[in-house]
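**Q** Each protein sequence line maps, in turn, to chains A and B. So the first sequence is numbered by this note's numbering: it starts at 1 and just counts up by one. So the second sequence is numbered by this note's numbering: it starts at 1 and just counts up by one.
Read the hints as simulated data drawn from the structure, not as lab findings. Cβ atoms here follow ideal geometry from the backbone N, Cα and C, with glycine treated the same way. Hints may contain errors.
[Stated by the list, open to error] Pairwise CB distance ranges, derived in the manner of DEER restraints:
id, chain 1, residue 1, chain 2, residue 2, range
1, A, His241, B, Arg69, 35 to 45 Å
2, B, Ser118, A, Asp253, 58 to 68 Å
3, A, Asp362, B, Glu77, 57 to 67 Å
4, A, Leu120, B, Pro239, 58 to 68 Å
5, A, Gln311, B, Glu77, 15 to 25 Å
6, A, Arg296, B, Gln346, 50 to 60 Å
7, B, Ser118, A, Arg296, 55 to 65 Å
8, A, Asp121, B, Gly221, 34 to 44 Å
9, A, Gly221, B, Arg69, 35 to 45 Å
[Stated by the list, open to error] Straight-line Cα separation of at most 30 Å, DSS-like style, residue types lysine-lysine; simulated pairs:
id, chain 1, residue 1, chain 2, residue 2
10, A, Lys108, A, Lys131
11, A, Lys323, B, Lys325
12, A, Lys44, B, Lys325
13, A, Lys323, B, Lys175
14, B, Lys161, A, Lys131
15, A, Lys323, B, Lys124
16, A, Lys108, B, Lys323
17, B, Lys224, B, Lys44
18, B, Lys124, A, Lys325
19, A, Lys44, A, Lys325
20, B, Lys323, A, Lys325
21, A, Lys131, A, Lys172
22, A, Lys172, A, Lys161
23, B, Lys44, A, Lys44
24, A, Lys323, B, Lys108
25, B, Lys325, A, Lys124
26, B, Lys323, A, Lys323
27, B, Lys325, A, Lys325
28, B, Lys323, A, Lys124
29, A, Lys161, A, Lys175
30, B, Lys44, A, Lys325
31, A, Lys161, A, Lys124
32, B, Lys161, B, Lys108
33, B, Lys131, A, Lys323
34, A, Lys161, A, Lys108
35, B, Lys175, A, Lys44
36, B, Lys161, A, Lys325
37, A, Lys44, A, Lys124
38, B, Lys161, B, Lys131
39, B, Lys325, A, Lys131
40, B, Lys44, B, Lys131
2 protein chains.
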Amino acid sequence: MHNQFFTVDYQSATTRARLGTIATEHGLVRTPVFMPVGTQATVKTMSPRELEELGAEIILSNTYHLYLRPGHDLVAEAGGLHGFMGWNRPILTDSGGFQVFSLATLRKISEEGVEFRSHLDGSKHFISPEKSIQIQMDLGADIIMAFDECAPYPADRSYVKRSKDLTTRWAKRCKEAHNRSGQALFGIVQGGVYHDLRRESAEELIELDFPGYGIGGLSVGEPKELMYEVLEELIPVMPGHKPRYLMGVGSPDCLIEGVIRGVDMFDCVWPTRLARHGMAITRQGNLPVRDQPYSRDFRPLEEGCTCYTCQNFTRAYIRHLLKAKEVLGIRLTTIHNLAFLIRLMQDIRQAIREERLLEFRDEFMAEYGRGR
Amino acid sequence: MHNQFFTVDYQSATTRARLGTIATEHGLVRTPVFMPVGTQATVKTMSPRELEELGAEIILSNTYHLYLRPGHDLVAEAGGLHGFMGWNRPILTDSGGFQVFSLATLRKISEEGVEFRSHLDGSKHFISPEKSIQIQMDLGADIIMAFDECAPYPADRSYVKRSKDLTTRWAKRCKEAHNRSGQALFGIVQGGVYHDLRRESAEELIELDFPGYGIGGLSVGEPKELMYEVLEELIPVMPGHKPRYLMGVGSPDCLIEGVIRGVDMFDCVWPTRLARHGMAITRQGNLPVRDQPYSRDFRPLEEGCTCYTCQNFTRAYIRHLLKAKEVLGIRLTTIHNLAFLIRLMQDIRQAIREERLLEFRDEFMAEYGRGR
Chain A
1 MHNQFFTVDY QSATTRARLG TIATEHGLVR TPVFMPVGTQ ATVKTMSPRE
51 LEELGAEIIL SNTYHLYLRP GHDLVAEAGG LHGFMGWNRP ILTDSGGFQV
101 FSLATLRKIS EEGVEFRSHL DGSKHFISPE KSIQIQMDLG ADIIMAFDEC
151 APYPADRSYV KRSKDLTTRW AKRCKEAHNR SGQALFGIVQ GGVYHDLRRE
201 SAEELIELDF PGYGIGGLSV GEPKELMYEV LEELIPVMPG HKPRYLMGVG
251 SPDCLIEGVI RGVDMFDCVW PTRLARHGMA ITRQGNLPVR DQPYSRDFRP
301 LEEGCTCYTC QNFTRAYIRH LLKAKEVLGI RLTTIHNLAF LIRLMQDIRQ
351 AIREERLLEF RDEFMAEYGR GR
Chain B
1 MHNQFFTVDY QSATTRARLG TIATEHGLVR TPVFMPVGTQ ATVKTMSPRE
51 LEELGAEIIL SNTYHLYLRP GHDLVAEAGG LHGFMGWNRP ILTDSGGFQV
101 FSLATLRKIS EEGVEFRSHL DGSKHFISPE KSIQIQMDLG ADIIMAFDEC
151 APYPADRSYV KRSKDLTTRW AKRCKEAHNR SGQALFGIVQ GGVYHDLRRE
201 SAEELIELDF PGYGIGGLSV GEPKELMYEV LEELIPVMPG HKPRYLMGVG
251 SPDCLIEGVI RGVDMFDCVW PTRLARHGMA ITRQGNLPVR DQPYSRDFRP
301 LEEGCTCYTC QNFTRAYIRH LLKAKEVLGI RLTTIHNLAF LIRLMQDIRQ
351 AIREERLLEF RDEFMAEYGR GR
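Generate coordinates for the entire structure from the input sequences, incorporating the hints supplied.
**A** Written out as structure tokens, the structure is:
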């Protein structure tokens, strides 16, 4: 039934939302999906078993980080990322493009690629589209991304156009360099908040016929309304039978609004990072459980939540652990935050199936928005 | 069958080792036992579920730390330590005596108790024997300890004698202050490395008729041989039908030698602390898995180990996590180290049952000692 890479199982009649299935050698992924981020071959504080129990069907890892440490050759020797980290479900790696631009220092961009210094030890490196693909073939994820330049926000039109054109030329080189079967290479649409550049980017990449498309360069500081407008203009241009992946986006409101506009895949460090800052995501808004008012609060992080944390521990205990800098405090908060987003995506899929996604959005935001 | 607090199920004919069972309201503990330490109401990095899966039957927590943070009144409100931390098996709390002497500053010891400043914020506090017992009744552990003065090593005989005498007077006050049913209060034998003082201490405490006895003030810097000699002199004086708990001791050689000499219970932060330093305990000695030679070692921490870590992850992966300062690295190493010691105690109990504990010691140490 799912012998093709992506199947649209149901197209909503009232919004651009759809239900789909991505089929990989490591199993199926039901879309729309949120992918927890495992930057350094581990979703921070979590074991693979815990991720499976939460129902995570795919995770993301980072080419830039793994290239620097422990090195893609070592990961390849370990049997690829799946074997190295003991995760047997699907994995997506990004190309390193975004990280080179956000983490590395002294970047020098040329037609050939990017020269930069490592954020770890200042050592000098060069990544080209071909190199990024080679690294990602060594890492062996199920889905990999083309090497792109991610323009900052704000940036003027001429810079964004040059950057988008370069990304297209690099995408072509990525495709030519890629020759690992059972691994899907996605192109990345750029173009900032300029609708015509976004459309151009999409059309140029569609010509290269990738099995899926990332939407990059959003959620980089622009107002959310601008992001939603880009999605509304861009997605009708994108092929209906291929997955659309909105990169680096993961707050509940953006997930719902993204799905309504036709996005199938998301990833974000937000839920795990929020946990490290002592914040829990709940339907009533984000809860600063690290704070004093929760020291004698013997309720779970979220009433009714079925995750391991909420079934067994109180806000008071988690607050104690966070104050005492005990690892279990971050672990328990991370478990809950990921459980929240994975369950939110399940609820979204259910709402699509029942053609009540817009009502779901309004109900959810009335409660969540009030709490923040 | 186990309606009394402690039952000796089997007394070895060839050594002082014995098999026993401690019966508490939260379940049975088979002795000899190693108790993982959960200083701040959490065994560092571990969840209660993971501890249960490792077969931990009892854990230890610290009165001094919990009194300072989050406070014993808060823990009592949460339903005691069991409810607070979500651990439903037996718990032992120490009295705070040792921590006041090892962590707090500006201590002033008087007949009444100890005045000290918190290691957290420098605030001034006073703990008396009665206060320690009140705190421990609030925490609600299954086994609690008398408030003692732990003399340093080396210390001259006259100091150790005065300290031992004070500990005996405090033990009497602890017993008078204690009135929580279902909770066993142990006395603590002191006396440093002076055999006659140890015997005096034991005899004085036996007169007070505690349900069990701690052996304190050992493993504080003295050579191991001196510790073993104290055990050989002391244990024949101690009652045979009550558990003997050698406090703060947990290295494999000391566990085996302690059991041979008649010890039933042990605790130590060593396995969890070792894990945080990137060291794994194996039968071949302690493995510095954080080090470069393990970066491409795709074997488990210990061949043949059945713990979650060894069944699923390699030294190379754990080394990567430790180098990248990822929490999962310490988690996985901690799981293995605790699994190692809990399995060692199972092996020791089996060896007692089969009257081959001395052979087990020799075989174990031939391999473990060589590796260090």
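**Q** State for each hint whether it applies.
**A** Right, here's what the structure says about each hint:
1. A hinted range of 35 to 45 Å is violated for the C-beta pair A:His241 and B:Arg69, which are about 57 Å apart.
2. The beta-carbon spacing between B:Ser118 and A:Asp253, approximately 43 Å, falls outside the hinted interval of 58 to 68 Å.
3. Restraint check, A:Asp362 to B:Glu77: a C-beta distance of roughly 39 Å breaks the suggested window 57 to 67 Å.
4. Look at A:Leu120 against B:Pro239: about 59 Å separates their beta carbons, and that is inside 58 to 68 Å.
5. A hinted range of 15 to 25 Å for the beta carbons of A:Gln311 and B:Glu77 is consistent with their spacing of about 20 Å.
6. With their beta carbons about 40 Å apart, A:Arg296 and B:Gln346 fall outside the hinted range of 50 to 60 Å.
7. In this structure, B:Ser118 and A:Arg296 break the distance hint of 55 to 65 Å, their C-beta atoms being roughly 21 Å apart.
8. As the Cβ distance of A:Asp121 to B:Gly221 is approximately 39 Å, the hint placing it in 34 to 44 Å holds.
9. Our hint of 35 to 45 Å for A:Gly221 and B:Arg69 holds, since their Cβ atoms are close to 39 Å apart.
10. For the hint linking A:Lys108 to A:Lys131, the alpha-carbon distance of about 16 Å falls within 30 Å, and the restraint holds.
11. Distance hint between A:Lys323 and B:Lys325 is fulfilled; the C-alpha atoms sit about 20 Å from each other, no more than 30 Å.
12. At most 30 Å may separate the alpha-carbon atoms for a hinted pair to count; A:Lys44 and B:Lys325 meet this at roughly 10 Å.
13. Between A:Lys323 and B:Lys175 the CA atoms are separated by roughly 34 Å; this puts the pair beyond 30 Å, and the hint is violated.
14. Distance hint between B:Lys161 and A:Lys131 is unfulfilled; the C-alpha atoms sit about 73 Å from each other, more than 30 Å.
15. With a C-alpha separation of about 20 Å, the suggested pairing of A:Lys323 with B:Lys124 holds against the 30 Å cut-off.
16. Pair hint A:Lys108 plus B:Lys323 holds up; C-alpha atoms about 28 Å apart against a cutoff of 30 Å.
17. For the proposed pair B:Lys224 and B:Lys44, the alpha carbon gap of about 27 Å is at most 30 Å, so the pair holds.
18. Note on B:Lys124 and A:Lys325: the hinted pairing holds, with a Cα-Cα distance of about 22 Å set against a maximum of 30 Å.
19. In summary, the hint linking A:Lys44 to A:Lys325 is supported, as the alpha carbons are separated by about 16 Å, within the 30 Å threshold.
20. With a C-alpha separation of about 20 Å, the suggested pair B:Lys323 and A:Lys325 falls inside the 30 Å cut-off, and the hint holds.
21. Between A:Lys131 and A:Lys172 the alpha-carbon distance is near 14 Å, which keeps this suggested pair within the 30 Å criterion.
22. Proposed proximity of A:Lys172 and A:Lys161 is supported: the alpha carbons are some 17 Å apart, at most 30 Å.
23. A C-alpha spacing of about 16 Å is found between B:Lys44 and A:Lys44, which places the hinted pair at or below 30 Å, so the restraint holds.
24. For the suggested pair A:Lys323 and B:Lys108, the alpha carbons sit about 28 Å apart, so the restraint of at most 30 Å is met.
25. Between B:Lys325 and A:Lys124 the CA atoms are separated by roughly 22 Å; this keeps the pair inside 30 Å, and the hint holds.
26. Using a Cα cut-off of 30 Å, the hinted pair B:Lys323 and A:Lys323 holds, with the two alpha carbons roughly 25 Å apart.
27. The hinted pair formed by B:Lys325 and A:Lys325 meets the criterion: a straight-line CA distance of about 15 Å does not exceed 30 Å.
28. At roughly 20 Å between alpha-carbon atoms, B:Lys323 and A:Lys124 fall within 30 Å of each other, so this suggested pair holds.
29. Taking the CA atoms of A:Lys161 and A:Lys175, the gap is near 21 Å; set against the 30 Å cutoff, the hint holds.
30. Distance hint between B:Lys44 and A:Lys325 is fulfilled; the C-alpha atoms sit about 10 Å from each other, no more than 30 Å.
31. About 28 Å separates the Cα atoms of A:Lys161 and A:Lys124, which keeps this hinted pair within 30 Å; it holds.
32. A hinted pair counts as satisfied when its Cα atoms are at most 30 Å apart, and B:Lys161 with B:Lys108 qualifies at roughly 18 Å.
33. A distance of roughly 25 Å separates the Cα atoms of B:Lys131 and A:Lys323; the hinted pair therefore holds under the 30 Å criterion.
34. A hinted pair counts as satisfied when its Cα atoms are at most 30 Å apart, and A:Lys161 with A:Lys108 qualifies at roughly 18 Å.
35. Between B:Lys175 and A:Lys44 the alpha-carbon distance is near 47 Å, which puts this suggested pair outside the 30 Å criterion.
36. Among the hinted pairs, B:Lys161 with A:Lys325 is inconsistent with the structure: their alpha-carbon atoms are about 39 Å apart, more than 30 Å.
37. For the proposed pair A:Lys44 and A:Lys124, the alpha carbon gap of about 27 Å is at most 30 Å, so the pair holds.
38. Under the criterion of a C-alpha separation no larger than 30 Å, the hint pairing B:Lys161 with B:Lys131 is consistent with the structure, at around 24 Å.
39. The hinted pair formed by B:Lys325 and A:Lys131 meets the criterion: a straight-line CA distance of about 27 Å does not exceed 30 Å.
40. A threshold of 30 Å between alpha carbons decides the hint, and for B:Lys44 with B:Lys131 the separation of about 27 Å falls inside it, so the pair holds.
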